[in-house]
Amino acid sequence: MGAFLFFLLALLCVGSVLGMIISRNQAYNALLLVLAFASLGGLFGLLDAPFIAAVQIIIYAGAIMVLFIFVIMMINLKEGIRPERKKWTIRLSAGLAVFLLIELGLAVKGTLASFRGAAGPAIGSPTELGRLLFTDYLYPFEITSILIIAALVGAIVLVKKKKDER
Amino acid sequence: MIPVSYFFGLSLILFTLGIIAFFVKRDLITMFMAVEVMLNAANLAFISLAKATNSLTGQVIVFFVITVAAAEAAIGLAIILLVFRQKKTIKTEEFRLMKG
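Chains A and B, in that order, are what the protein sequence lines are.
Numbering follows numbering that gives the first Met the number 0, with no gaps: position 30 of the first sequence is 29.
Numbering follows numbering that gives the first Met the number 0, with no gaps: position 62 of the second sequence is 61.
No lab work stands behind these hints, which were simulated from the structure alone.
Among the hints, a few may not be true.
As the list claims (entries may be wrong) - Straight-line distance between alpha carbons at most 30 Å, and here's what the computed DSSO-like set of lysine-lysine pairs gives:
| no. | chain 1 | residue 1 | chain 2 | residue 2 |
| --- | --- | --- | --- | --- |
| 1 | B | K87 | A | K86 |
| 2 | A | K159 | B | K90 |
| 3 | B | K90 | A | K86 |
| 4 | A | K108 | B | K87 |
| 5 | A | K159 | B | K86 |
| 6 | A | K108 | B | K86 |
Unchecked claim - Listed next, the stretches of chain A that the computed footprint assigns to chain B, with coverage defined by at least 3 CB atoms under 8 Å from CB atoms of chain B:
| no. | stretch |
| --- | --- |
| 7 | 15 to 25 |
| 8 | 36 to 42 |
| 9 | 46 to 58 |
| 10 | 92 to 105 |
| 11 | 122 to 134 |
Where a beta carbon is used, it is the ideal one built from N, C-alpha and C, also for glycine.
Same shape as in the complex, but just chain A (with noise of 0.2 Å):
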């Protein structure tokens, strides 16, 4: 049931990112990417993780993809994007980046198999996170709400309009 599980989402996942790099509308691309985080937010539930998926799926695939829906709907291209003119770009960057993918794998294996046989029950329940958020991570749990204050803010003075542009 759980490899079962795991295929299903790891394959939707993927599946999903790709449409997103076929696809050219950008309204499509987003919901592609709602579904490839919803789906990652179940493969998080499957590591043990289940507050973790909660907030995957609460603030990635609500808040932040809201906003890039907002934007999108915002800015309002007319015309889709034209598909790239130049193929070479393409054809290079694929196969770097699967030089990139075999590099990457051959760099963890060495790292992942010590580790072999260590898994254990580490059930990450919401008592157990908030218990660490608020004595061992204290400090960097207080510092990133600076971080959310400064980014809202920023946002705020960028976007806003001055007076005499209206």
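With chain A fixed as given, assemble chain B onto it according to the hints.
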């Protein structure tokens, strides 16, 4: 039980797909989405390693990564809106201000 290396392999594939999307696509919004895909691939790697090492530290880091990604999305989309207001386009090939 599914081995952790499967999840790790999936995260590598997702990261590579994100990089391909970043270089192949030509509009700013979709390129930004590709960055989000890469961040998510990194999150998957963190959580699978948290499972492998039997600790919750990886999950806490993912929590912070998601928060930073939300802040980054807000700022990045604001910048994209600014660029669109100035240039009336979001296609990357039309930004040639720094091209001599």
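Each hint tested on the structure:
no. : hint             : verdict
1   : B:K87 <-> A:K86  : holds, 26 Å
2   : A:K159 <-> B:K90 : holds, 23 Å
3   : B:K90 <-> A:K86  : holds, 17 Å
4   : A:K108 <-> B:K87 : violated, 47 Å
5   : A:K159 <-> B:K86 : holds, 17 Å
6   : A:K108 <-> B:K86 : violated, 46 Å
7   : 15 to 25         : holds (count 5)
8   : 36 to 42         : holds (count 3)
9   : 46 to 58         : holds (count 8)
10  : 92 to 105        : holds (count 8)
11  : 122 to 134       : holds (count 5)
Against the hints set out earlier in the document, violations occur for numbers 4 and 6.
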